[in-house]
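Enquirer: For reference, the chains in residue letters:
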Amino acid sequence: MLKYILPLLLFIVLAVFLALGLNLHPNEIPSPLINKPAPAFSAPKLQAPEEKLSQTDLKGKVWLFNVWASWCASCRSEHPILNQLAQTKAAIIVGLNYKDEPEAAKGWLAQLGNPYDVSIMDQDGRIGIDWGVYGVPETFVIDKQGVVRYKHTGPVTPDDVQQTFLPLIANLQAEN
Amino acid sequence: MKRLFIVFLLILSGIAYAGVEFREFANPEQQAAYENLTSELRCLVCQNQTIADSNAELAADLRRQVYEMLQQGKSKQDIAQFMTDRYGDFVLYNPPFKLKTGLLWIGPAAFLLIGLISVFLFTRRKKTAASVQISAEQQQKIRSLLEEGDHS
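Chains as they are written, first to last, in the working numbering: chain V, 1 to 176; chain S, 1001 to 1152.
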């Protein structure tokens, strides 16, 4: 009897592991920044380079930090969704224009619309390193206390907005 | 023909130098630390390469970061900590032994042990199965059958 059950059991165990493996996303690295204070930065604004923005300017507000670049193809597919999200005025959207040419970035926003309340420039990628950015686009959600609460890697989809971002933002807006 | 060959070699030498970053170090220890660190940090874009091996832009940025921190006199531990604070243990090719990474460290040894135990059990069972007792009468029959075969 064991002779027949054993291979079956082995097969089931293997199948379960393979099925789990299919649903894993090894490209998504869990961020160690979750529930930690947002990394400090002070960077020139894309539209007004003489002004700087730092994370302390955003204290007391719920904000999204979206890493984007005009050279990034999946940012283009994400862009209309960010435009829609911006229209709901659920939270402030701050853009991190990552390793980009300012002129190309401005042209991109003029052409496709600007969902960002403000974009800051990170031409040499240092702010990106501080935030653990390894692929563009990435989106962080930061609460009123300036703590990182969520990170999304890759383009945000309409489902992500409805099922994850909007409920999370609503919760964070209700916090003190 | 010879001249053509030399031209060809010169063209190749250009390729050999392309993509090499020039870094100056204060002392050989610092250079050793740099080489050691860049070959222990994972490039997060192309996850099966170290940042020393990778041509990805992020890898170049991280190499620059390692270099600058060494220039500032930071220790290897400081730099490894800097990277894990930002990218998690995943960035280290040699992750620390923790509850979360336990399976990673113990896994291969555990599977080897399971394998050895099953081989041991399997071969032992085979041996006991082979040593089936046969009666004197059966033995006699076997012998006569064999002898019969010899005559034909």
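Simulated from the structure, these hints should not be mistaken for laboratory data. Don't take each hint at face value.
[As the list claims (entries may be wrong)] In silico SDA-like cross-links for lysine to any residue, where the CA-CA straight-line distance does not exceed 20 Å:
no., chain 1, residue 1, chain 2, residue 2
1, S, K1100, V, D130
2, V, K151, V, P167
3, S, K1126, V, I5
4, S, K1100, V, I5
5, V, K59, V, I5
Enquirer: Are the hints correct? Go through all of them and say.
Expert: The hints, checked one at a time:
1. S:K1100 to V:D130: violated, 24 Å
2. V:K151 to V:P167: Satisfied, since the Cα-Cα distance of roughly 14 Å is no more than 20 Å.
3. S:K1126 to V:I5: Holds: K1126 of chain S and I5 of chain V sit about 19 Å apart, inside 20 Å.
4. S:K1100 to V:I5: violated, 33 Å
5. V:K59 to V:I5: violated, 61 Å
When each numbered hint is compared with the structure, violations occur for hints 1, 4, 5.
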